[in-house]
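Take these sequences, add in the hints, and give me the full structure.
Protein chains: 2
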Amino acid sequence: MPIETLSTFKAHGGTQGVYRHASETTSTDMVFSAYVPPHEEGAKLPVLWYLSGLTCTHANVTEKGEFRAACAEQGVILIAPDTSPRGQDVADDDGYDFGQGAGFYVDATRDPWAGHFRMRSYIEQDLPALIAAEFPMADLDRQSITGHSMGGHGALTIGLRNPGRFRSISAFSPIVAPSQCPWGDKALGGYLGDDRAAWREYDACALIEDGARVSELLVDQGDGDQFLTEQLKPELLAEACKAAGIDLTLRMQPGYDHSYYFISTFLPDHVAWHAARLKG
Amino acid sequence: MPIETLSTFKAHGGTQGVYRHASETTSTDMVFSAYVPPHEEGAKLPVLWYLSGLTCTHANVTEKGEFRAACAEQGVILIAPDTSPRGQDVADDDGYDFGQGAGFYVDATRDPWAGHFRMRSYIEQDLPALIAAEFPMADLDRQSITGHSMGGHGALTIGLRNPGRFRSISAFSPIVAPSQCPWGDKALGGYLGDDRAAWREYDACALIEDGARVSELLVDQGDGDQFLTEQLKPELLAEACKAAGIDLTLRMQPGYDHSYYFISTFLPDHVAWHAARLKG
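One line per chain: the protein sequences are E and U, in this order. Per my numbering, residue 463 is the first one in the first sequence, and the count goes up by one each step. Per my numbering, residue 463 is the first one in the second sequence, and the count goes up by one each step.
Please keep in mind that the hints were generated in silico from the structure rather than gathered at the bench.
In this list, chains with the same sequence are indistinguishable; a pair is considered to hold if it fits within one copy or across any two.
Think about it this way: if two alpha-carbon atoms lie no more than 20 Å apart in a straight line, the pair counts; the simulated EDC-like pairs of lysine to aspartate or glutamate are:
hint, residue 1, residue 2
1, K472, D719
2, K472, D685
3, K526, D731
4, K472, D731
5, K695, D709
6, K695, E678
7, K526, D719
8, K472, E525
9, K741, E502
10, K472, E535
11, K472, E503
12, K472, E596
13, K506, D601
14, K695, E663
15, K506, E596
16, K648, D555
Next up, the structure:
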């Protein structure tokens, strides 16, 4: 698993890098970014995963997320993977919400997606192994996860399925119940087929209904978000958490929309919230 | 002077907007961004101008500058103009460092530039008048100015020519002596002609040599900047300030380059530095 450095920049005392590697999981080259804050030689730093939303790559949060000052202050590495496999040989769809740029953090089981679209395994296994091998300062015994929109769905579902791996889970404007919204219907139906039972491990609310448990969740959601009522439906997560006894902090942020202007306002907060749990 | 709102986003409690207006100075439509931090009804807020560098528009700093948290904390408006007039009817050049995107904050006197390329007057007169008319919370009795690279040159020269207008002046990686570097030779020669005496009011070091005085300047410069020795030459500004008795704080930042990863690391610092002088 060799890794290629595409760029590095000094920022907020640390190093913002972009890297490429050949993934055995997706059978494609994959690009991700990693911010490593300033640290003493030999120090081990906790890792916060940030999963991005529809149409995004690693670059959106890397350029617009405003997380580096907080990561430098807290001593937290932030890793931002891509949202799907990409390439001319990779299947795609004309919609912005399916295919390349829209991997939905699932392992697809239907053709033509099943070969490359394995973002669940990529995030759960492939990329962490690469990080452990290539970033010696990364302490993979201390991981947390967050994400935005489709990536919020990814953070919640990957976090709920792997409660021992993550100290804490948060999300921005997540798709909390893809089985109950048009984006999810299209993506889960397309990648997994019509058997909705197979969708449940990719649906945060269904996972909780089926017994997945974590102690707490933090969610920020703009009340001016254009996707709030049709796609995101945070009230479904609130109901599921209430029934399961999960301590959900759902902050409806007045006047904020779905953009990186919203994310960048609160991402430093999330970094500090995770850091408190990663260092506790 | 009507103004058209192209977009607004809530961010860090305030409003990040992008606006277009028909400029009588450049005889083109001009776009700029303004961040207005949260404030009480009727409050008057000081204004920090941020002038951008070669190839940039308002968008670079607006998306990547990481200034809004500091502006919200300090109660400072940040305005980011474009770097030149633009349009199909506006003269241009194949180089990235001349023509559209490279106005150099001069009033051009040579054809085909003289008609539209009047960025000095646009920044000194036209846009402040528009801001005064359209942003009632902006207190134009309290202004400061900063900028990056070509925009650092703009901030220094506009600031030095208008010491009564600006409470404070800072810059990132500025072109401190365009008369003594290839970028400046090309731009000032192209916009103003061969008479180098006419260049001096567009050269920070020459302005200081010719008697322009301010009490202090703040400059951040990455020592890993690829343009440091050929184009930027901060030592020339240090010499000019020393001879003139201007208190220059020149911070050579180790390992930083010319990018927005550098700017975004220190722009919050500059916001706070200006705010202390704007509120003093």
